[in-house]
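A.B. asks: Next come the chains, spelled out residue by residue.
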Amino acid sequence: MNVIQPIRGKSKPPAATLGLVDVDIHPRMKKPTDLNPWLSQCWQAHLETYGIRARHGFVGGQPPFPKAQPLACRRDAWPPGGGTPASDLDFLRFQLLDQYGVDVGVLNPLQPSGQGDNNNEFSAAMAFAVNEWQLAEWTRKEPRLRGSVVVPYDDGPASAREIEKRAGDPNFCQVLMMSRTAEPAGKSRYWPIYEAAEAAGLPVAFHAFGYSGWAMTNGGWPSFYTEEVSEHAISAQNQVVSLVVEGVFERFPKLKVVMIECGFAWVPNVAWRLDQHWTQLRGEVPHLKLKPSEYIKRNIWFSTQPMEDPERPEHILDIMSWIGWDKILFASDYPHWDFDDPLLALSGAISAEKRRDIYGGNAIKLYGL
Amino acid sequence: MLHGQRGIIDVDVHPVVPNMTALTPYMDEFWRDQVVERGINTIASQNYPPNAPKTARADWKQASKVGDLQAQLLDPWGVEMAICTPLYGTQMVMNADMARAFTRALNDWTRAEWLDRDARLRASIVLPMHDPEHAVEEIERLAPDRRFVQAQVLVMGETPAGKRQHWPVYQACVKHGLPLAIHAGSCFRHPVTSVGWPSWYLEEYSAQAQGFQSTLGSLITEGVLGKFPELKIVLLESGVTWLMPFLYRLQKTWKGTRFEIPWVDRPPIELVRDQVRLSCQPFDAPPEVVPRVLEMLGNDDMLMWASDWPHWQYDGDEAIPPGMPASLLPKLMRGNALATYARLREGVTA
Chain A
1 MNVIQPIRGK SKPPAATLGL VDVDIHPRMK KPTDLNPWLS QCWQAHLETY
51 GIRARHGFVG GQPPFPKAQP LACRRDAWPP GGGTPASDLD FLRFQLLDQY
101 GVDVGVLNPL QPSGQGDNNN EFSAAMAFAV NEWQLAEWTR KEPRLRGSVV
151 VPYDDGPASA REIEKRAGDP NFCQVLMMSR TAEPAGKSRY WPIYEAAEAA
201 GLPVAFHAFG YSGWAMTNGG WPSFYTEEVS EHAISAQNQV VSLVVEGVFE
251 RFPKLKVVMI ECGFAWVPNV AWRLDQHWTQ LRGEVPHLKL KPSEYIKRNI
301 WFSTQPMEDP ERPEHILDIM SWIGWDKILF ASDYPHWDFD DPLLALSGAI
351 SAEKRRDIYG GNAIKLYGL
Chain B
1001 MLHGQRGIID VDVHPVVPNM TALTPYMDEF WRDQVVERGI NTIASQNYPP
1051 NAPKTARADW KQASKVGDLQ AQLLDPWGVE MAICTPLYGT QMVMNADMAR
1101 AFTRALNDWT RAEWLDRDAR LRASIVLPMH DPEHAVEEIE RLAPDRRFVQ
1151 AQVLVMGETP AGKRQHWPVY QACVKHGLPL AIHAGSCFRH PVTSVGWPSW
1201 YLEEYSAQAQ GFQSTLGSLI TEGVLGKFPE LKIVLLESGV TWLMPFLYRL
1251 QKTWKGTRFE IPWVDRPPIE LVRDQVRLSC QPFDAPPEVV PRVLEMLGND
1301 DMLMWASDWP HWQYDGDEAI PPGMPASLLP KLMRGNALAT YARLREGVTA
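If you read the sequences in order, they're chains A and B. Its first residue numbered 1, the first sequence is counted upward by one per residue in my numbering. Its first residue numbered 1001, the second sequence is counted upward by one per residue in my numbering.
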């Protein structure tokens, strides 16, 4: 939660003996014009004149549900030299990478990345620029960091082209989508993304967020940020169901999907529910050759932060074991206000060997680090 | 007798309206005329496509007459009382006045063709939620008949259930001692997922569980549970296993963001254990994890047995989720329903 300046010396979690991999770090631009070197003059003018046009109506990056903190960030993450949280590589090194001994950090750039913009062409231009910016400002300067291939996901073919450009570049370790797409993620319009990612050997991450253009619940718009945060887990459930039931993993059996910041305690019950109702409805979906839960077990990984908080700590063990200990990846969500401190995030009720895998072992295998 | 339990109470049976002709006798002349002149033959809901396997078990295809229910369920299983929860699409029509007239007709049909024909039956006041005044009016009209034991809405409505424009409806429920039943189903004002329309019915049926999470989140955060502590919320055909994982996250978030909803002054899990009840069909868990799921639920008073007749959730008489411990059955199959529904305890008909 909202910690202030570290009071400890530098320290890596003792259980992270295979390495500490943080799969969710959010780098920010120092200023909106940071992308200009990689945007055409036409798109520079578009960005300056119209800004990001999200499917919620507010301009200037103002979200419809105001965050709990400015920019949803830790109060102590604003760099002393100025700028916004996680816009200063040196301060990110100091506060995160060096502080906790992070061996590999995965960058997930959020807005103004242009993902989910109303204009797919603009979104594609922005995605290219954001990817170049990750290379120039982050991964080439800091070998511990890996980028995510930002794609204009609502345009499948354009996304595939962006993935093909980045295939084989070790600076990138995954493809990044937001969890609220314009249509359920299993629909065929998104298949070019999965096809290209599978071919490039890159997992596809869905990071919680985005605005689909539909009401945020299937019964209309909620009122509160508290609800919006819950809805991240809920829309992620729909995405997992869609990916499975549309047969994405039948079509792309080697595809690896990573759900980031979506929570994970819901995974077992979504799998059980699908299996149970598939029993009566399987005649509708003959393209599924396995039980729905088997695709989830085989093809989908989940990051830790924010971890659901059961009343009894042993219940988190049940939930993790139902998902599979090899499918859970550590994430800090730096620099956001609900950051998970690597030293405190994983319950001591989890055995040291399993914490070792969550801190690093699972991510090393998944990403081939 | 089902699994050795006596006096069992079934909180979710679905009388099926065969077509609009069945309802027209319960409409006034204007609406009867509208149905005929405009050719409104049926308003059956896509929530349960009439021929889909989930909609009716192979041996329960006939479900539009009280005799069907008696022969298939009440008599062979020795059901003492069953609560009717009709799902005809009266809540889906777009015109508020039409919804009011059709819902009224539906409730009167249930009363005349089901309640009046079997003393074991109770029913739900189906609410036209387009206009809270209409919903309150329907509660006031039918609450004097004490065989109506609850009010009933669909889980996916036009606006989230907790929003304040709905509160007069909850006030009326409290006034008459009626739980608010929220049943699976959408009014189709929004896609059944927040990321758009899915392709397959399996996805759509699964999405009910997401709808229940959002709805319960709304009732908690808007303050309905706190404002109306006497109000019982009954989730029907919701599934069960999604509940605690959802609350684990909501309660954690609430600790960090309660500044924006200061009226939520008790932990959400406590509020839910006090005021929310669920039917046990479907349960959505393999038998081996059921004891652990119940341990997480942490309250033996919350689950109520339902056959979900005529929906296909199980075969034969396997109407209790496999893995349910025998020690829970007396509460599950009778005690919890009696504790939830004051009007069931009265045990007398109007």
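A portion of the hints provided could be inaccurate.
[As the list claims (entries may be wrong)] Here chain B is said to cover these stretches of chain A; the calculated rule only asks that three of the stretch's residues, wherever they fall, bring their Cβ under 8 Å from a Cβ of chain B:
1) 38-51
2) 95-107
3) 181-194
4) 215-225
5) 256-269
6) 316-327
Worth flagging that the hints you see were computed from the coordinates, not collected in a lab. Beta carbons: idealized from backbone N, C-alpha and C, even for Gly.
A.B. asks: All hints, please: hold or fail.
C.D. replies: Hints, one by one, checked against the model:
1. With 0 residues having a beta carbon nearer than 8 Å to a beta carbon of chain B, the region 38-51 of chain A misses the requirement of three or more and the stated coverage is violated.
2. With 0 residues having a Cβ less than 8 Å from any Cβ of chain B, the region 95-107 of chain A misses the three-residue criterion, and the hint is violated.
3. Look at the region 181-194 of chain A against chain B: 7 of its residues bring a Cβ nearer than 8 Å to a Cβ of that chain, three or more, so the hint holds.
4. Against chain B, the region 215-225 of chain A contributes 11 residues with a C-beta closer than 8 Å to a partner C-beta. That satisfies the three-residue criterion, and the hint holds.
5. Residues of the region 256-269 of chain A lying with their CB closer than 8 Å to a CB of chain B number 5, which satisfies the three-residue condition for coverage.
6. Residue count for the region 316-327 of chain A with a Cβ under 8 Å from a Cβ of chain B: 3. That meets the three needed, and the coverage hint holds.
In this structure, the hints that do not hold are numbers 1 and 2, in rising order.
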